[in-house]
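Q: Sequence:
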Amino acid sequence: MKNLIKILGLTVIVAVTLFACSEDFLVKNAQGDLDATALANQNGLEGNLISAYSMLEGYGNFGGWGTAGSNWTFGSVAGDEAYKGSSAGDQQFIQDVELYQWGTADVDVAVNERWQSLYEGVARTNATLNLLKTVTVSDADAKRIEGEAKALRAHYHFEAWRLWRNIPYYKEDDTDFRKTNVGTDAIPLILGDLDEAIGLLPESQAQVGRITKWTAKAIKGRVQVLSGDYAGGKTTLSEVVNSGPYDLEANFHKVFQNQNENGKETVLAFQASTNDGTGGGENGNYPDRLNFPHSGSPFGCCGFHQPSQNMVNSYKVDANGLPFLDGSFNNADLVATDAVDPRLDWTVGRDGVPFLDWGTHDAGWIRERAWAGPYSHKKTIYEKASGAGSAVGWSQFQLSANNLHLLRFADVVLLLAECEIQVGSIDAGMVLINRIRTRAGQGAQGPAGGAVVVPINDPGITWATYKIGTYPTTGWSKEDAMKALKMERKLELSAEGHRYFDLVRWGDFKTHLNAYLAVEKTKRIYLTAAAEVADKHALYPLPSAQIDLSEIATGDGVEQRLVQNPGW
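Numbering (this note's numbering), first residue to last: 1318 to 1885.
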């Protein structure tokens, strides 16, 4: 799968995505189209399906960095866990997202690129389903291919739903490619696709990386929770957690090691690769390549997605190794004498702390410290010894074969914990949170020149005091249990593109983000230009290009089938 999934050139037939510059896009074949006869066999069918998988990364030659499947701009920088980073003006659209100035032309271009990439994924799944109707394959293969395609189609639509909520849903038999987003609830359609996929897919696949019945169930549970169906989510996710093939890795860092890709914690991941024959290393997590330390580091560029001071402070713990749920962690910035959760130094590059096996992070690794602070993104960066870096492409060390986790088991466990708390079985929820915290204590960043992962009390650790404890599992109110759950998602899933979407679905994003900005403006001066976070920021604006392309002629003139989100 790792090798197969990289067929970016072999895209789709009989598919349409909404990104053309004129109306004749409706009668054009899709990007990279091949003659149908060349694909009318099982190899062609499988190739179409692999092309649909390839869009999980987001890269499809659509332009800028906003296409990233990791949602590092729209999910992390838009939350309280990361700054844009780098320097003033570089990649202005990311700065505009961070400043909640989402009506700018730069943001409009970026959200259009994300729309294009997601609906390209939809188009490729639909093309696969249409091709399946014309190719003779075994019954088992037909069910598997249909199930994988429908699960992928659900994933791409769900990602669009998270950003815009009001979206059109496209299936393989659609002929109207200017469908309205008015009065359309995508969630039942997403869940319908997932239910069909669950009924079609096998419980395991010979090739790692392919979607299974269990993958589809986990995705379904996630959709249920994020759309507010906690009772349904509990039913689905309980089965995944208690009966599925997944488990937590032995230590936190092992989840992200290239040497352990597709381990037992991986539920859905983009199968990245390098040195595979592509001239620019495009298959090596291309839309995330900016998120390495800058030129003073071994990586050469570019210093984006820097952890916020608020995020770093969140890892402080009390004498029992527990986080400060009352918010007092942010009363003062982290200092060397503070005890910290060991996940801090798997997530954040800090001066004086070894950076995996690349050496010790220092001030020279930061592009513009006065602009975006002293910290580097670290969590998803590969180890030097893994050999996962690219040998080709501009600043090739930014590209890697580290798989991009889109859903992992720790996230599933925390989603189930949230369901338990919300439906009233609070003690069960706290047990699940403790399961995550117990694993967090199973390893820390090791000293330079030695093992990358060591016990948290290793005598060679001189830069931090690591401590982590578990919560009592009884006596919690629902409100306090949710505080613990929210903090645990922040600590465990930092920099994985979830934070903004979590804050929005919890309903406290305006209050929380405005309070965050009020403090951060005193540390990062450019944030003084941030707009007040308002109701309209619960959804991103639809791209103006897509609204224009949705126009149809009516007896009264012209109707735009796509209607802009409120406030934009």
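Hints are supplied without guarantee of correctness; some may be wrong.
Restricting the straight-line Cα-Cα distance to at most 25 Å, the calculated cross-link-like pairs of lysine-lysine (DSS-like) are [said to hold, decoys possible]: (1) Lys1784 - Lys1827; (2) Lys1840 - Lys1827; (3) Lys1838 - Lys1795; (4) Lys1795 - Lys1840; (5) Lys1795 - Lys1853; (6) Lys1460 - Lys1496; (7) Lys1450 - Lys1581; (8) Lys1581 - Lys1571; (9) Lys1581 - Lys1496; (10) Lys1827 - Lys1838; (11) Lys1571 - Lys1488; (12) Lys1571 - Lys1838; (13) Lys1530 - Lys1496; (14) Lys1460 - Lys1450; (15) Lys1803 - Lys1784; (16) Lys1460 - Lys1571.
None of these hints come from the bench; they were simulated from the model.
Q: Hints numbered earlier in the text: which of these fail when held up against the supplied structure?
A: 1, 3, 4, 5, 6, 7, 9, 11, 12, 13 and 16
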